[in-house]
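Chains as they are written, first to last, in our numbering: chain A, 1 to 159; chain B, 160 to 318.
Since the hints were derived computationally from the structure, they do not count as laboratory data.
From a predicted model like this one, the values you see are computed outputs, not experimental measurements.
Possibly wrong hints are sitting among the right ones.
Taking lysine-lysine pairs in the DSSO-like style, the calculated list, with each CA pair at most 27 Å apart, reads [as the list claims (entries may be wrong)]: (1) A/Lys-52 with B/Lys-257; (2) B/Lys-169 with A/Lys-103; (3) B/Lys-235 with A/Lys-21; (4) A/Lys-154 with B/Lys-257; (5) B/Lys-168 with A/Lys-10; (6) B/Lys-313 with A/Lys-76; (7) B/Lys-257 with A/Lys-114; (8) B/Lys-237 with A/Lys-21; (9) B/Lys-257 with A/Lys-10; (10) B/Lys-313 with A/Lys-98; (11) A/Lys-10 with B/Lys-273; (12) A/Lys-154 with B/Lys-211; (13) A/Lys-154 with B/Lys-168.
There are 2 protein chains.
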Amino acid sequence: MEILLREGKKSDMPSVLELIKELATFENEEDAVEVSVEELLRDGFGERPSFKVFIGEIEGKIVGMALFYERYSTWKGKSIHLEDLIVSDAYRGRGVGKALYTKVMEYAHQRNIKRVSWEVLDWNQVAIDFYESTGAHIVEGWQVVHMNEASLNKFVSNT
Amino acid sequence: MEILLREGKKSDMPSVLELIKELATFENEEDAVEVSVEELLRDGFGERPSFKVFIGEIEGKIVGMALFYERYSTWKGKSIHLEDLIVSDAYRGRGVGKALYTKVMEYAHQRNIKRVSWEVLDWNQVAIDFYESTGAHIVEGWQVVHMNEASLNKFVSNT
C-alpha cells in the first residue's frame, strides 16, 4: 500500500477540515473547531500564507496531513512549529504519520531551521516514545498558557 | 516615573538582544542564545517580518520588551504567540511588564485574534497568578516537544 506525500493545495481544504474535526471529535472537543473551509483557503494561500500543509494519500484518498508554520525563537531564530499531525483512524499503523513527520523534518532541515517544536498530551506515551526515538525531547518544566477570545475581550475592555 | 510604550525599530535591536541575554543569563542558559543583532534585523524587518516587538522605556532608557508573532490554530484560526516578555532586573515592579502585556493583548483584540498563547515555567507561581488574574489559563496536560538542530541533522541523515 503505497503512501503518496505531497504539498496541500486549495482543493484539499475540505479534507483537511474533516481531519481536524475527526481529531477534535476523538478528543471530545468537536465544538471547539471554529475554522471553516473558507478561512483555511483565505489563511493558507495567497501572498502571505499563515500555514503550510503536507498531505498523505493512499490509493488516491487523503488519509493524513501535517500542518505547520514558522515561529521565532529569541535564542535560535526561525523555527518550525508542527501544529497538527493527523492520520485518519481507519488508516493508522501503516506508516503515514511517520512519513508526514519525516517530511516536515526534511523541510525544516533543508531551510537550516534550528528547532522544530510541537505539543503532545502528557498521557500519550506511544507518541512520546516515538518522538524521543527520533531524537526529539520533552521540554521539562514549561506549561502552555492561553488567553481565549472571551477572556481577551473582557481583559481589554477592563483596561 | 512614566512608562513609554512604542513599536520596536531597527535601532532597538542591540537593546533587544541585551534583554534576551539578560534573561538567558538569569536562567543559566547564556550559551543557548545563538541569534545576533544582524539576524534580528534581517528577520524582524522588511517585507515579511518573522516577529514584532513592543518596547518599554523609562526616561529614555529601554527597560523591557514584548516579542510576539502570529501562529495558526486549526481550531481558532490566526493566533498571537507572546514569545518573550522581559523587563530588565533593575526596573522590575514598576508596571512595565503589565503595560507591555496589556499592549500585546490590545494588539490581538484589535485584529479579532481568537487566542493569545505563551509558555510559563511551572514553578513561576507569581507569573501564573498574574496571568490567571487577567483571565488566561494554564492548558493542562500538554507538554512542549523540541527537535533541536543536532538531532534534526541526525534524524534527517538517517532517513
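Right, here's what the structure says about each hint:
| no. | hint | verdict |
| --- | --- | --- |
| 1 | A/Lys-52 with B/Lys-257 | violated (34 Å) |
| 2 | B/Lys-169 with A/Lys-103 | violated (35 Å) |
| 3 | B/Lys-235 with A/Lys-21 | holds (12 Å) |
| 4 | A/Lys-154 with B/Lys-257 | holds (16 Å) |
| 5 | B/Lys-168 with A/Lys-10 | violated (36 Å) |
| 6 | B/Lys-313 with A/Lys-76 | holds (18 Å) |
| 7 | B/Lys-257 with A/Lys-114 | violated (31 Å) |
| 8 | B/Lys-237 with A/Lys-21 | holds (17 Å) |
| 9 | B/Lys-257 with A/Lys-10 | violated (41 Å) |
| 10 | B/Lys-313 with A/Lys-98 | holds (16 Å) |
| 11 | A/Lys-10 with B/Lys-273 | holds (23 Å) |
| 12 | A/Lys-154 with B/Lys-211 | holds (24 Å) |
| 13 | A/Lys-154 with B/Lys-168 | violated (30 Å) |
Against the hints set out earlier in the document, violations occur for numbers 1, 2, 5, 7, 9, 13.
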